[in-house]
Amino acid sequence: MKITREDVLRVAELAYLDLSETELETYRKQVDEILEYIGKLNELDTSTVEPMAQVLTDDQTADATLREDIEVPCHGAAELLKQAPDPEPPYFRVPKVIER
Amino acid sequence: MTNWTIDGVKESLAAKKISARELAAEHYSRIAASKNLNAYLALSEERAFAQADRVDAMIATGKPLPPLAGVPIALKDVLSTRGVPTTCGSKILENYIPPYDATAVARLEAAGAVLLGKTNCDEFAMGSSNENSAYGPVLNPEATDRIPGGSSGGSAAAVAAGLAVASLGTDTGGSIRQPGAMCGVPAMMGSYGRVSRYGLIAFASSLDRIGPFANNVRDVATVLQVIAGRDPNDSTSTTAPVPDYRAELAKPVAGLRIGIPKQYYGAGMHTGVRKNIEAGLAVLKTLGCRLIDIEMPHTDYAIAVYYIIATAEASSNLARYDGVRFGLRVSDDSLLAMYRKTRGAGFGAEVKRRIVLGTYVLSAGYYDAYYLKGQKVRALIAQDFRDAFAKVDAIVTPTSPVPAFKLGERTNDPLQMYLADIYTVTGSLAGIPGISVPCGKVDGKLPVGLQIFGPAFGEARVLQLAHAFEQAGGAKV
Chain P
984 MKITREDVLR VAELAYLDLS ETELETYRKQ VDEILEYIGK LNELDTSTVE PMAQVLTDDQ
1044 TADATLREDI EVPCHGAAEL LKQAPDPEPP YFRVPKVIER
Chain V
184 MTNWTIDGVK ESLAAKKISA RELAAEHYSR IAASKNLNAY LALSEERAFA QADRVDAMIA
244 TGKPLPPLAG VPIALKDVLS TRGVPTTCGS KILENYIPPY DATAVARLEA AGAVLLGKTN
304 CDEFAMGSSN ENSAYGPVLN PEATDRIPGG SSGGSAAAVA AGLAVASLGT DTGGSIRQPG
364 AMCGVPAMMG SYGRVSRYGL IAFASSLDRI GPFANNVRDV ATVLQVIAGR DPNDSTSTTA
424 PVPDYRAELA KPVAGLRIGI PKQYYGAGMH TGVRKNIEAG LAVLKTLGCR LIDIEMPHTD
484 YAIAVYYIIA TAEASSNLAR YDGVRFGLRV SDDSLLAMYR KTRGAGFGAE VKRRIVLGTY
544 VLSAGYYDAY YLKGQKVRAL IAQDFRDAFA KVDAIVTPTS PVPAFKLGER TNDPLQMYLA
604 DIYTVTGSLA GIPGISVPCG KVDGKLPVGL QIFGPAFGEA RVLQLAHAFE QAGGAKV
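Chains as they are written, first to last, in the numbering used here: chain P, 984 to 1083; chain V, 184 to 660.
Chain V extracted, bound-state conformation (with noise of 0.2 angstroms):
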């Protein structure tokens, strides 16, 4: 069974090998097939053959078709999706029905795709191995005694065992990139307000994006061309113009300067993971980039920044479940308790904890010396990267320091799974789009994800480095 690209959709509905439909019911029995590996948490049957006979309509009065007619495609859970359930893989919001689309979802299905249902993560994509998820872990559909990683687990491994053509995932330190790395698929997140986050239930805001999963790092630009974009509902989606992606993926990389920052490349690293990326930077210069060692001085306090900062937003922003508008409520008859509790008994166990980090580095008496801290080296951080793109075109550093690890094997110790996010939160924390894109697998079995970030609002670049390491037939070992 192999896995379908938006390309080979587009040509086989065009020339009726395919319907819609079928290709819509394929995906299910797939899908039903793959029980076991817990990536989807809700699926929108009823919607996406109502689009895919739309779909077929079109092609039957051989009408235009739009850019994603017909391809399957899957949704974090912490997307909203009118009438269809939206869970952020918690509890607390077990039963919650939104009444309208995210932009992102809106903008895929007026693209034309066949939106095939909700994929499971992390808690209010808090995690790394989404294990975090109130509805039981994503297996890695490459090696079933392994995490997925996290959180967007299950939108990773949706795409890699084929159960979507593509799907979104959300990145806040890590959370597209680092499970792409570990279920072997291109996964990118761009650039800080590409795309629109309106009805993406909200975790951290400085940080949060929305990014697609695909089998191709082409797929990747294609589906990321349809949602990139200003939407007036989010204010903090920029104007800047989006370019034509695919048509830069032909454009030549020879001659680009590719920044090798040494702190990325330190102890730490397993040893099955740098075999394979130094393979890959091997293939780099071989399509003709040069590969210059770069400094980032403050890559080592990343971590320590992001868990003041994502954790201090995280405790803001779930501040809205409260049992009074939407999702669970445990009873009481003092409102102060009924709040309590409901949050108490809806709210998993990393949560709970980030909520009581977020609220302690806010708190009065220690703003300044975790909060402010924080913001002050995130200044820091960011300007290493304007720095760097002063010397180079992009930067490549692996994805994660391990390859999927097994499932319980770093559940008691947060900080040890916080860790796994070492290579990822500098582009979070800097707002630059980042890409991972698969680098050979260790021991032959567990894939290894090269990571290429570009400057904000660089996708371009990026997308074209990846493209050019995949065609080159990414790295070898």
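One chain only, chain P, in its complex shape (with noise of 0.2 angstroms):
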């Protein structure tokens, strides 16, 4: 077994995902098969092979230097507060974060 259901816990913490018992052990379930699966990984020697961080080279990305700093105007901030589930304009309101 690869994963446990305390790993899976500790994931979900991690990711703020709140989960069903019956998720709980169905993913770890599903996960580990897939682990196991992805195991197979380990039957190549990569020792000497640099990981593949980029997909294009550098001769094909455009601007590997930053682009001018100009100012340019965004959308709107009332169109983008429309969107939020509680939007108190010009903020977003969130749940109390700090304790007094």
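Honestly, the hints are just simulated from the structure, not real lab data. Being a predicted model, the structure only gives us computed values, none of them experimental. Virtual Cβ for every residue (Gly too), placed ideally from N, Cα, C. Please note that a few of the clues may not be correct.
Unchecked claim - Cross-link-like lysine to aspartate or glutamate pairs, in silico, EDC-like; alpha carbons within 16 angstroms at most:
no.: 1; chain 1: P; residue 1: K1012; chain 2: V; residue 2: E533
no.: 2; chain 1: P; residue 1: K1079; chain 2: V; residue 2: D505
no.: 3; chain 1: P; residue 1: K1012; chain 2: V; residue 2: D596
no.: 4; chain 1: V; residue 1: K468; chain 2: V; residue 2: E653
no.: 5; chain 1: V; residue 1: K524; chain 2: P; residue 2: D1001
no.: 6; chain 1: V; residue 1: K589; chain 2: V; residue 2: E325
no.: 7; chain 1: P; residue 1: K1079; chain 2: V; residue 2: D516
no.: 8; chain 1: V; residue 1: K659; chain 2: V; residue 2: D626
no.: 9; chain 1: V; residue 1: K559; chain 2: P; residue 2: E1033
no.: 10; chain 1: V; residue 1: K524; chain 2: P; residue 2: E1033
no.: 11; chain 1: V; residue 1: K524; chain 2: P; residue 2: E1004
no.: 12; chain 1: V; residue 1: K559; chain 2: P; residue 2: D1028
no.: 13; chain 1: P; residue 1: K1079; chain 2: V; residue 2: E533
no.: 14; chain 1: V; residue 1: K445; chain 2: V; residue 2: E478
To be verified - Restraint ranges, calculated between C-beta atoms of paired labels, are given here:
no.: 15; chain 1: V; residue 1: S388; chain 2: P; residue 2: T987; range: 24 to 32 angstroms
no.: 16; chain 1: V; residue 1: A520; chain 2: P; residue 2: P1073; range: 51 to 59 angstroms
no.: 17; chain 1: P; residue 1: T987; chain 2: V; residue 2: E209; range: 52 to 60 angstroms
no.: 18; chain 1: V; residue 1: P250; chain 2: P; residue 2: L1007; range: 48 to 56 angstroms
no.: 19; chain 1: P; residue 1: E1054; chain 2: V; residue 2: A240; range: 29 to 37 angstroms
no.: 20; chain 1: P; residue 1: A1036; chain 2: V; residue 2: D626; range: 39 to 47 angstroms
no.: 21; chain 1: P; residue 1: P1034; chain 2: V; residue 2: A198; range: 53 to 61 angstroms
no.: 22; chain 1: P; residue 1: E1033; chain 2: V; residue 2: A293; range: 51 to 59 angstroms
no.: 23; chain 1: P; residue 1: P1070; chain 2: V; residue 2: S517; range: 18 to 26 angstroms
no.: 24; chain 1: V; residue 1: T422; chain 2: P; residue 2: E1054; range: 22 to 30 angstroms
no.: 25; chain 1: P; residue 1: P1070; chain 2: V; residue 2: R457; range: 39 to 47 angstroms
no.: 26; chain 1: P; residue 1: V1032; chain 2: V; residue 2: A573; range: 17 to 25 angstroms
Given two chains presented individually in distinct reference frames, assemble the corresponding complex, making use of the accompanying hints.
Okay, here's the thing in structure tokens:
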């Protein structure tokens, strides 16, 4: 077994993801099976291989350097706030973060 | 009822046989008559008719028409559309209306396209059957008891059923090519960096690409032409020049060297698929192509690599759904509990599974064993392709090992579902262009797709071959 119930709980905590008891067990089993399958990568000796951190090569990327810092208009705050579940223009309102 | 092509639309509009408004209306009535397919999640009639009227006004004044003037096009619901709901097939974005257009969307509209609406897809583009949509699966128009493929199932089905002349989908591990194959329409992803992803709601940023579905390869080329090219809003879009794809289509394919990697023709391929692909290879031979056996030794590791990298990137990209700035919120007095409840209630089963896996492979103590290992094997897979393209001009494989399967057939076994992408994920990992082009049908019923890969930024060659194959009548079994 690659992954335990405690591992799934820890990961769910890291990802801020509520999981039901049933989900916990189902995902543990399924993710375990997937990790077993992924284990086949260990058949390969990759000790001298550089990881592929970029898809494009340097000559294919347009701007390795930063662009000019020019101010451009942003989408209206009012329009963006309309998409928020609990707006308090010009702010997004969230539950209390700091306890007194 | 026959499906329109882009050239057909162009001629009919020019000859005033139909107006852009009438054409849009015709498509909306087709969509209404095919509601059972569940191909669309939202229709943007107001925007579509306004655009159609602009095109009709241009025609009336005799102005030169842009390349997609009046062409009705559908958009996968992961592409941001100003004023039109964009849900990603998820409950967490059920009421989300983007304030801006994705660059690909803006470019289509600037080229005269009439944007009909948003197509159904697997939630956040995670799936191979469209069964992970929070709004129900799409049915395959060729066989309605079967899946259309995924994740861009709605975009494929819409074109196949004549509910759009072309559409955009996105491909992360096969999500354009595989549904294209299963619904029997040409479908293409360009090279990584070829099409701007600004406004594409991210799943896995080192893999995601936008590309077209259409009724023929020429139309695929036309749409790709419009959306390709540098965009300052996406630093991963390249300045590499965009060739005139339509002009390149006519170039001869005789003498081209086609790599046939034996790793793609082993056990696990459905016999009906094999029969059609073999007939397809025979067609390529009659076109004068030289088939050359090649080795792609790391092919068998691609699914394992893909499900490390894609889930790791997804777990990071999906962190933004926190109930604060957009989408669903499930209230709680505590901020952290609000996050947890919102995400627990808003995401579907496959998305949660991938967040769990992706967070796990990135977590302390496992990063080297999984994520770093995955990145290294990804380099080996990319090297396989570079080695192959030193010897051949293109690589030809089946798109999918199986034809469209029955709804519900694989939903309980995620790993079996993942293995449906076995021939497509390699090209995704390597960043190269690929197309799926129709290649006969299993028992005269279920479409088969032939996949053509080219080297990075070799879209013109891929399109040429696909076009020649299509012109030769595709495979006949």
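inquiry  = Against the range 48 to 56 angstroms, how does the distance between the Cβ atoms of P250/V and L1007/P compare: consistent or not?
reply    = 52 angstroms, holds
Pairwise beta carbon distance, S388/V to T987/P, judged against the given window 24 to 32 angstroms = 30 angstroms, holds
query = Is K589/V within 16 angstroms of E325/V, Cα to Cα?
reply = Distance ~12 angstroms between K589/V and E325/V Cα, so the pair holds.
request  = Given the hint that K1012/P pairs with D596/V, test it: the Cα-Cα distance must not exceed 16 angstroms.
outcome  = 11 angstroms, holds
request  = Given the hint that K468/V pairs with E653/V, test it: the Cα-Cα distance must not exceed 16 angstroms.
outcome  = 14 angstroms, holds
request  = For E1054/P and A240/V, compare the CB-CB distance with the range 29 to 37 angstroms and indicate the outcome.
outcome  = Holds, since E1054/P and A240/V (Cβ atoms, about 36 angstroms apart) stay within the stated range.
ask   = Measuring from beta carbon to beta carbon, are V1032/P and A573/V in 17 to 25 angstroms?
value = 19 angstroms, holds
CB-CB spacing for D626/V and A1036/P relative to the 39 to 47 angstroms hint = 46 angstroms, holds
message = Verify the CB-CB distance for P1070/P and R457/V against the hinted window 39 to 47 angstroms.
response = This hint is violated: roughly 57 angstroms between Cβ atoms.
ask   = Within a Cα-Cα threshold of 16 angstroms, do K1079/P and E533/V meet the stated pairing?
value = 31 angstroms, violated
request  = Measure nothing beyond the straight line between the CA atoms of K524/V and D1001/P; if it is 16 angstroms or shorter, mark the hint as holding.
outcome  = Answer holds: K524/V to D1001/P is near 6 angstroms, not above 16 angstroms.
Range hint compliance [Cβ, A520/V to P1073/P, 51 to 59 angstroms] = Taking Cβ atoms as reference, A520/V and P1073/P lie about 26 angstroms apart, which means the hint is violated.
When the structure is compared with the earlier hints, violations turn up for hints 10, 13, 16, 22, 25 and for no others.
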